[in-house]
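These are the residues of each chain, in order.
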Amino acid sequence: MTGTTQPPAVRMEGITKRFGDVVANDAVDFTLERGSVHALLGENGSGKTTLMSVLYGLYEKDDGDVFVDGERRAFDSPRDAMDAGIGMIHQHFQLVEPMTVLQNVILGHEPTDGGLVDESSARERVVDICRRYDFDVDRYLDTPVRDLDLGARQRVEIVKSLYRGADVLVFDEPTAVLTPQEVDRLVDVMNELTAAGRSLVFITHKLDEALAVADEVTVLRDGEVIGTVDAADTTEQQLARMMVGREVLTERRPRERDPGPPRLVAEGLHVDGDRSREQVTDVDLTVHEGEILGLAGVQGNGQTELVEAITGQRSVSAGRIRFDGEDITGTSRRRRIRAGIAYVPEDRQTEGLVQEYDLVRNALLGNQTVGQFVTRRFVDWPAVRDHAEAIVTEYDVQPPTPDARAGSLSGGNQQKFIVGREIEHDPDVMVAAHPTRGVDIGSIEFIHDRLVALRETGLAVLLVSSKLEEIRALSDRIAVMYEGEFIDVVDPDDVTDEDLGLLMAGRRLDAESRAGSETDAAEDEVES
Amino acid sequence: MSADDSGGIRDLLDRAAARALDLTVLERLALAAASTVLALCIGLVVVAAAGYDPVAFLANVFEGSFGDASATARTLKFTTVLVLTGVAVAIAFRAGVFNIGVQGQFVVGGFVTVVTILWLAPMLPASPAAGVVLMVLGTFAAVVAAGLYAALPGVLKAYAGANEIITTIMLNFVATGVVGYLVEGPFRGEGNRAPNTARLPEYVSLPRVVFENPDFSVVGFAVALLVVALVAVLMVRTTVGYDMVTSGYQQAAATYSGVDAKRTIVTTMTLSGMVAGVAGAVFAIMIQGYYSDPAGIGTYGFDAIAVSLLAANNPLGVVPASLLFGGLDSAGSYISINSDVPVQLIDGIVGLVVLFVAAPELFRMAARRTGLGGEER
Numbered sequence: 001m002t003g004t005t006q007p008p009a010v011r012m013e014g015i016t017k018r019f020g021d022v023v024a025n026d027a028v029d030f031t032l033e034r035g036s037v038h039a040l041l042g043e044n045g046s047g048k049t050t051l052m053s054v055l056y057g058l059y060e061k062d063d064g065d066v067f068v069d070g071e072r073r074a075f076d077s078p079r080d081a082m083d084a085g086i087g088m089i090h091q092h093f094q095l096v097e098p099m100t101v102l103q104n105v106i107l108g109h110e111p112t113d114g115g116l117v118d119e120s121s122a123r124e125r126v127v128d129i130c131r132r133y134d135f136d137v138d139r140y141l142d143t144p145v146r147d148l149d150l151g152a153r154q155r156v157e158i159v160k161s162l163y164r165g166a167d168v169l170v171f172d173e174p175t176a177v178l179t180p181q182e183v184d185r186l187v188d189v190m191n192e193l194t195a196a197g198r199s200l201v202f203i204t205h206k207l208d209e210a211l212a213v214a215d216e217v218t219v220l221r222d223g224e225v226i227g228t229v230d231a232a233d234t235t236e237q238q239l240a241r242m243m244v245g246r247e248v249l250t251e252r253r254p255r256e257r258d259p260g261p262p263r264l265v266a267e268g269l270h271v272d273g274d275r276s277r278e279q280v281t282d283v284d285l286t287v288h289e290g291e292i293l294g295l296a297g298v299q300g301n302g303q304t305e306l307v308e309a310i311t312g313q314r315s316v317s318a319g320r321i322r323f324d325g326e327d328i329t330g331t332s333r334r335r336r337i338r339a340g341i342a343y344v345p346e347d348r349q350t351e352g353l354v355q356e357y358d359l360v361r362n363a364l365l366g367n368q369t370v371g372q373f374v375t376r377r378f379v380d381w382p383a384v385r386d387h388a389e390a391i392v393t394e395y396d397v398q399p400p401t402p403d404a405r406a407g408s409l410s411g412g413n414q415q416k417f418i419v420g421r422e423i424e425h426d427p428d429v430m431v432a433a434h435p436t437r438g439v440d441i442g443s444i445e446f447i448h449d450r451l452v453a454l455r456e457t458g459l460a461v462l463l464v465s466s467k468l469e470e471i472r473a474l475s476d477r478i479a480v481m482y483e484g485e486f487i488d489v490v491d492p493d494d495v496t497d498e499d500l501g502l503l504m505a506g507r508r509l510d511a512e513s514r515a516g517s518e519t520d521a522a523e524d525e526v527e528s
Numbered sequence: 001m002s003a004d005d006s007g008g009i010r011d012l013l014d015r016a017a018a019r020a021l022d023l024t025v026l027e028r029l030a031l032a033a034a035s036t037v038l039a040l041c042i043g044l045v046v047v048a049a050a051g052y053d054p055v056a057f058l059a060n061v062f063e064g065s066f067g068d069a070s071a072t073a074r075t076l077k078f079t080t081v082l083v084l085t086g087v088a089v090a091i092a093f094r095a096g097v098f099n100i101g102v103q104g105q106f107v108v109g110g111f112v113t114v115v116t117i118l119w120l121a122p123m124l125p126a127s128p129a130a131g132v133v134l135m136v137l138g139t140f141a142a143v144v145a146a147g148l149y150a151a152l153p154g155v156l157k158a159y160a161g162a163n164e165i166i167t168t169i170m171l172n173f174v175a176t177g178v179v180g181y182l183v184e185g186p187f188r189g190e191g192n193r194a195p196n197t198a199r200l201p202e203y204v205s206l207p208r209v210v211f212e213n214p215d216f217s218v219v220g221f222a223v224a225l226l227v228v229a230l231v232a233v234l235m236v237r238t239t240v241g242y243d244m245v246t247s248g249y250q251q252a253a254a255t256y257s258g259v260d261a262k263r264t265i266v267t268t269m270t271l272s273g274m275v276a277g278v279a280g281a282v283f284a285i286m287i288q289g290y291y292s293d294p295a296g297i298g299t300y301g302f303d304a305i306a307v308s309l310l311a312a313n314n315p316l317g318v319v320p321a322s323l324l325f326g327g328l329d330s331a332g333s334y335i336s337i338n339s340d341v342p343v344q345l346i347d348g349i350v351g352l353v354v355l356f357v358a359a360p361e362l363f364r365m366a367a368r369r370t371g372l373g374g375e376e377r
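Chains as they are written, first to last, in my numbering: chain A, 1 to 528; chain B, 1 to 377.
Check the hints yourself; a few may be wrong.
As the list claims (entries may be wrong) - No more than 20 angstroms apart at the CA atoms, straight line, and that leaves these computed lysine to any residue pairs for SDA-like:
hint, chain 1, residue 1, chain 2, residue 2
1, B, 262, A, 437
2, B, 262, A, 483
3, B, 262, A, 335
4, B, 262, A, 108
5, B, 262, A, 332
6, B, 262, B, 251
7, B, 262, B, 249
8, B, 262, A, 382
Stated by the list, open to error - If you anchor each label on the Cβ, the simulated ranges turn out as follows:
hint, chain 1, residue 1, chain 2, residue 2, range
9, B, 41, A, 178, 51 to 59 angstroms
10, B, 170, A, 383, 56 to 64 angstroms
11, B, 163, A, 273, 56 to 64 angstroms
12, A, 227, B, 261, 54 to 62 angstroms
13, A, 284, B, 162, 46 to 54 angstroms
14, A, 208, B, 162, 36 to 44 angstroms
15, A, 99, B, 218, 52 to 60 angstroms
16, B, 165, A, 383, 48 to 56 angstroms
To be verified - Computed list of chain B residues with no C-beta within reach of chain A, every gap over 10 angstroms:
hint, residue
17, 129
18, 190
19, 218
20, 239
It is worth saying that the hints were derived from the structure and are not from the lab. Computed from a predicted structure; not experimentally measured. Where a beta carbon is used, it is the ideal one built from N, C-alpha and C, also for glycine.
Bound conformation, chain A alone:
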């Protein structure tokens, strides 16, 4: 860290960015000190990438100021930002796979000699950069990018930014695609960069990485800055709590009757993710009739894959799933829908609704084999329309017409429609993944009421959420997932937020902390 006389590398003041009626960044302040790593921590959709896209010139801000090296700047395009020394390492690499590393690095900024690309001087400069930062990229300059592993490709991206004169580097979730060894390597690279006076922004939702790499951590939630803390003075639990937050409106809603027999059971489940890395490791899970099982955890710890395996959208590599005692491990998604497993998907925009369809056609989504609407493969559209109208009325969807195009609805209304459609399936099991993410307060309460009502009528509900208060308010038991495993299954009355924070960060509760948790809980209540 350098003295106080030097202006920070980047200072953003009061940045506001709206998309339609959604506020993605709300008066955000952010300061990146020279020669430091600043982590930007938050859930998906909390506004981290939006903020950096404003800095990088991809989005135009609605309000606020950006200062680079103390000078006020406005970037219309990434090229402007690049010229001012700001580079971005995207999550999906911007490399041309059949071209060599050297060609990729100099692409668009080729030194020329009489109209021809001057490869030798380009090579010299690139080798020079690699020497300076002790990178290995110069050893495979003539290899096509498609032959490199992902870690090496990322280093090529970094060299590309440095070649273009980047002084500030923004890393967008750089560890998402890397193996643990490659992550260690990246940390070394980042240290080299800061040692040479470069300033780095590290966008992530992983607590341990933020703490391991960053000097400072800024936590965003719902587009607002919750706080900026020194990495040295904070803990993973504190960060977890800042990230998921606590809202006042939710009070505990325990069940009114005892749970019945198990309905949904998973045994020894192993599930691979998209990049065929194992994301769920040996999970046992049971959801009883009349029970809400909450699945807590920081995003990206295997919850998505587990839910997709249960609902039939992803195959399991080992283990069994049973529904009412019947083995459904290998059955198709459609058979599971028919068997009575309803599913509110994590991603309502791409999965839950067809944006171009009106609500009538969306009401058929997932109902293609339901006899009420379909006779021998012929759709009874008037019946589907009636159904859509009923959902719109019953679940208070705005605008109140089934002819509205799904894509024109706000997030909360889209979600209410999906929740309505899935409940009207008359299911036996409800899997709700982040049912209130990005949803306004009123709709949150509404959806919570519905989930609780489902439980009271005897359904087995699996609720996935990364919001602690939601999990605590609704769940009868809480399973905490960390790196693909159930780190613990706890009774919400027996644990504090601190305990959950610890669990979510991968620390098992020992007997001592469990015993001490009751006094903590008492203190918590006094505080609030």
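Based on these hints, arrange chain B on the given structure of chain A.
Positioned in the frame of chain A, the structure of chain B alone reads:
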């Protein structure tokens, strides 16, 4: 490759894409009509610049497409085949599968029709009733053969990840080459100088009603319209169609709703190929009466792509779109005989129309695939 090299253009494209994606059906129709007129206007300028009389040329275009009964029949002849191949393309495009192989499936269907009829004809008495039976059987064989020929790239895409655009294009060459060899050698009609199969028997032909032309029958046109109606019902009223169209719009949503993505790809390609097979059968029975080297039979399967794009991949829209292209084709063959305007110039003008009317729709599809105009679509 990097996004920052083209900020201004990208922004412009983005706004244009957003606008294009928001167009209503009526706006799109108006756009297509305006594009056609504009393309014809530019074509007339080119005609004038080349030293020919543009007014006479325009008169010839109308004369040659709908001027008299014979011109109208010729237009409807082209239209009939284009409707069928156009619907074949539309089915696939609607479901997000890019079947560029309709030409090859069309060739396979036509050839199989002729071979089947020639093989079965000696077993039946030579009568009009036998003619009907043979035509039905020939068409059925074409539907099966072309359906299977299209299912192949479907299976390759679904289960081996092979890009269907590339495999269908390659299979076009295979179909043209193999059928070309077969009509030249093993299946060449006895005593034929040209590489053609034997002629179909006289009684295997569609009846001439209203029009007297030997190579157009209203019955053939009616068959095409019937296929359009069936496909439209399939797409809009059945769950099979719903699953296909949903897959085309949003694969993730289709999977969420229980659609088996792989099976849907194969189903889509098969259906598309089956319709291409009907097109081949109608072409073979109504227009040719035998089968010749497919390198010289016309590019109905490729023109169908422009037809489908102009129709916004809507089976019903394929009919007027085919009429436009059929009319232009018909005018082209009229003008090349009845005026001294070179045939290349006419082809060029048809090309202009294709370019003008298909480009906006192609842009919409590209926008949807690449996420231009807003990621959430």
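Out of the numbered hints, which ones does the structure contradict?
1, 2, 4, 8, 10, 11, 12, 13, 16 and 20
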